[in-house]
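> Line by line, the protein sequences give chains A and B. In this text, residue positions in the first sequence follow the working numbering: the first is 190, and each later residue adds one. In this text, residue positions in the second sequence follow the working numbering: the first is 30, and each later residue adds one.
To be clear, the hints were calculated from the coordinates, so they are not data collected in a lab. Every residue gets a Cβ at the ideal spot worked out from N, C-alpha and C, and that includes glycine. Among the clues, some could well be false.
[As the list claims (entries may be wrong)] Computed far set for chain A versus chain B, every beta-carbon distance over 10 Å: (1) 199; (2) 212; (3) 213; (4) 236; (5) 239; (6) 269; (7) 274; (8) 291; (9) 312.
[As the list claims (entries may be wrong)] Stretches of chain A that chain B covers, calculated by requiring three or more beta carbons in the stretch to come under 8 Å of a beta carbon on chain B: (10) 214-228; (11) 298-311.
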Amino acid sequence: MYITTKTIIKMNALLGFSWEGFEQDWAIEFADLNRVEEFILVAQTQSLTSEEKFAIISLILASYDRLLDSTEEVENHLWPQIAQLLDDNFEISNDLLQYWAQWEDERDDNLFAITPMIREYLAKRT
Amino acid sequence: MVDIAAEHPRQIGETPYGYAGNNPVNRIDSDGNCWPCDLMGPTAGVSAYLLYQEAKESVRSVFGLRTYYQGAIDKVNNTIHKHDPGYVENVPAKAREVHDKIMDLRADIKAYTGLLQWGSANMTLMTTVMGGLEGPLGNSLGTIRGPVDGYSPIVLLSGKRFGHAFKTHGEGRDQFSTKTRSGIRNATGQFLDNQAAANFIIGNSANLKKGPINIPMPEGFPARIVNPDGTFSTPTHIRMIPSGKGVWTAYPVKL
Numbered sequence: 190m191y192i193t194t195k196t197i198i199k200m201n202a203l204l205g206f207s208w209e210g211f212e213q214d215w216a217i218e219f220a221d222l223n224r225v226e227e228f229i230l231v232a233q234t235q236s237l238t239s240e241e242k243f244a245i246i247s248l249i250l251a252s253y254d255r256l257l258d259s260t261e262e263v264e265n266h267l268w269p270q271i272a273q274l275l276d277d278n279f280e281i282s283n284d285l286l287q288y289w290a291q292w293e294d295e296r297d298d299n300l301f302a303i304t305p306m307i308r309e310y311l312a313k314r315t
Numbered sequence: 030m031v032d033i034a035a036e037h038p039r040q041i042g043e044t045p046y047g048y049a050g051n052n053p054v055n056r057i058d059s060d061g062n063c064w065p066c067d068l069m070g071p072t073a074g075v076s077a078y079l080l081y082q083e084a085k086e087s088v089r090s091v092f093g094l095r096t097y098y099q100g101a102i103d104k105v106n107n108t109i110h111k112h113d114p115g116y117v118e119n120v121p122a123k124a125r126e127v128h129d130k131i132m133d134l135r136a137d138i139k140a141y142t143g144l145l146q147w148g149s150a151n152m153t154l155m156t157t158v159m160g161g162l163e164g165p166l167g168n169s170l171g172t173i174r175g176p177v178d179g180y181s182p183i184v185l186l187s188g189k190r191f192g193h194a195f196k197t198h199g200e201g202r203d204q205f206s207t208k209t210r211s212g213i214r215n216a217t218g219q220f221l222d223n224q225a226a227a228n229f230i231i232g233n234s235a236n237l238k239k240g241p242i243n244i245p246m247p248e249g250f251p252a253r254i255v256n257p258d259g260t261f262s263t264p265t266h267i268r269m270i271p272s273g274k275g276v277w278t279a280y281p282v283k284l
């Protein structure tokens with residue numbers, strides 16, 4: 190699963206992103222720690238194709254990572270909603286989850302803020 | 030002497046004599062941090078020379094290994110691409126995983142080579158300063174210890190500082206990775222020397238205060254664009270997306 194230009198253009202219009210066309214890490218570049226709830230709502234309520242779901246889940250994970258990174262005091266009411274979204278779209282999300290889990294890394298300073306939660310989530314599923 | 034790094038996860042399963050360069054009979058390490066430091070005694074000149082010769086041999090053998098290894102990997106990649114241009118699509122996940130691990134190993138070998146080069150360079154300095162044991166040995170050692178102790182030749186590529194830059198666009202993260210990990214199938218920039226890229230990012234950190242920025246790439250900089258059809262092209266800029274601690278991501282781009 191990957192994000193095509195067509196999907197990016199549609200998601201940009203839906204979310205109001207200003208895209209110049211050369212950005213390569215769309216989800217990372219447009220991640221916004223202040224819009225996690227809004228992105229979750231879009232994923233829950235909009236009629237999206239598989240590619241679009243993959244794109245919005247990419248964006249949610251990157252944004253939530255940024256939120257976790259910004260402070261140690263995060264209201265974790267968002268995580269159950271994200272976990273439910275992952276449950277509902279596990280096939281679509283699996284590649285993303287493996288990436289964020291960073292299994293090959295052992296050094297704490299090399300992990301993303303969201304990595305421990307992703308690892309725990311995946312461990313519970315097996 | 031107990032190796033103070035013996036419990037480190039990467040040390041488990043490795044030789045317990047790493048603290049003494051695998052030569053615990055001839056080498057003494059009083060605190061487990063630096064066996065060459067214990068050579069700083071009356072016979073330091075001779076010992077340093079022997080150490081230098083040993084380091085030189087190590088560098089030579091690692092260079093040989095690396096050249097052979099890199100050549101073999103490139104040959105395999107080119108052969109696969111020649112016979113099956115769509116191999117990125119066709120290779121199963123497990124094969125991609127193995128391929129990624131090989132690429133990681135290649136990056137490790139490169140970092141190790143850099144470390145040995147640094148060691149070799151400093152051994153040369155040490156031998157030169159102490160050559161023939163001319164002058165007061167204590168003063169010479171005093172001159173050496175400062176710069177050697179404070180010198181950090183390799184940038185630690187931490188995720189907190191460099192974000193996704195090397196995890197997605199780094200050395201060894203080829204077409205397999207750029208497809209599955211970035212999640213985007215468009216042309217993707219790739220750094221071919223993580224240390225050079227890390228130094229470029231650090232060197233331009235002052236430019237990150239205003240937000241995302243595209244900085245012209247120096248001529249000959251080790252980077253490329255991997256096109257969706259498997260061909261390569263030359264980037265013109267390096268794009269950096271600032272975080273408070275460094276970058277969220279950075280990659281070569283053609284504008």
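> Each hint should be assessed against the structure and marked as holding or not.
Status of the hints after comparison with the structure:
1. 199: Given that every Cβ of chain B is farther than 10 Å from that of residue 199(A), nearest at about 15 Å, it holds.
2. 212: Violated, because the least Cβ-Cβ distance between residue 212(A) and chain B comes to about 8 Å, which does not exceed 10 Å.
3. 213: About 5 Å separates residue 213(A) from the closest Cβ of chain B, which leaves it inside 10 Å; violated.
4. 236: 21 Å, holds
5. 239: Its Cβ never comes within 10 Å of chain B, the nearest being 13 Å, so this holds.
6. 269: Given that every Cβ of chain B is farther than 10 Å from that of residue 269(A), nearest at about 24 Å, it holds.
7. 274: 16 Å, holds
8. 291: 8 Å, violated
9. 312: Its Cβ never comes within 10 Å of chain B, the nearest being 18 Å, so this holds.
10. 214-228: It holds: at least three residues are needed, and the segment 214-228 of chain A offers 6 whose Cβ sits within less than 8 Å of chain B.
11. 298-311: It holds, with 4 qualifying residues against the three required.
The structure does not agree with the numbered hints 2, 3, 8 stated previously, though it agrees with the rest.
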